[in-house]
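In this note's numbering, the protein residues as written are 1 to 210.
Source of the hints: derived by calculation from the structure; they are not laboratory data.
Some clues are possibly wrong.
Below are the SDA-like pairs computed for lysine to any residue, each with C-alpha atoms no more than 25 Å apart in a straight line [to be verified]:
| hint | residue 1 | residue 2 |
| --- | --- | --- |
| 1 | K19 | H35 |
| 2 | K132 | P156 |
| 3 | K5 | P156 |
| 4 | K125 | I8 |
| 5 | K62 | G133 |
| 6 | K111 | N80 |
| 7 | K75 | K125 |
| 8 | K103 | D16 |
| 9 | K111 | G133 |
| 10 | K132 | K62 |
| 11 | K62 | G197 |
| 12 | K116 | K62 |
| 13 | K161 | K62 |
Please read these numbers as outputs of a predicted model, since none were measured by experiment.
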Amino acid sequence: MKVNKVEIYAGTNQIDDPKAQVHTAQAFIIHPEYHSSALMFNKTNSKYANLMVNDIALIRLKEDIQFTKVIRPVKLPRSNYHLNEVAVVTGWGNMGYRKPMSKFLRATQQKIISWKSCDRQWQLKYLKYIDKGMMCAITYNHEQASGPYPGDSGGPFVDRKGYQIGIISFGYECGTTHLLPDVYVNVWEYINRISNGYEIMRKYNFISSK
């Protein structure tokens, strides 16, 4: 993906909204220890694959976002997440299996479960372990399974107080989240890296030191 082809929209819940602020990316800073497929070994020396490790990056924009009444900075968490907490996941991803992407921002609620439970379920099903930097959630409405779909990855997982506690990473058979938990980057685990984004950008010469 070319950096200058990535656009960031602010102040809208509709794609192609003429009133939205549109910003172009200048640079990506991918986590230095990011892996999309890492092999690990358990105590019996059996291979366990992890789909994502350190699945997070920083984006430098060419120009600053202009904040308004409806465009505000992301609220970062002040502590780690709480078990059984209900949060909201949003995105413009596919509206269903083999269905087109949504033109409007869609949302659903999910409940956070324990890391151990999530890790155990993924290992039993696919021999895939869940990295310690991740968190997991399941559908909140058990009558109708819901969760992130393809195209939603990278989207926010926000608690009821408005703090972004997670970033969509991966899942299993979208819309059937009662089978396996959806997996998110745990923002709290990377809070220092995010908070020090300015210094990291300057280190990589994306911000002038003057």
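Among the hints numbered above, which are violated by the structure, and what are their numbers in rising order? Hint check: 1, 4, 5, 7, 10, 12 and 13 fail, others pass.
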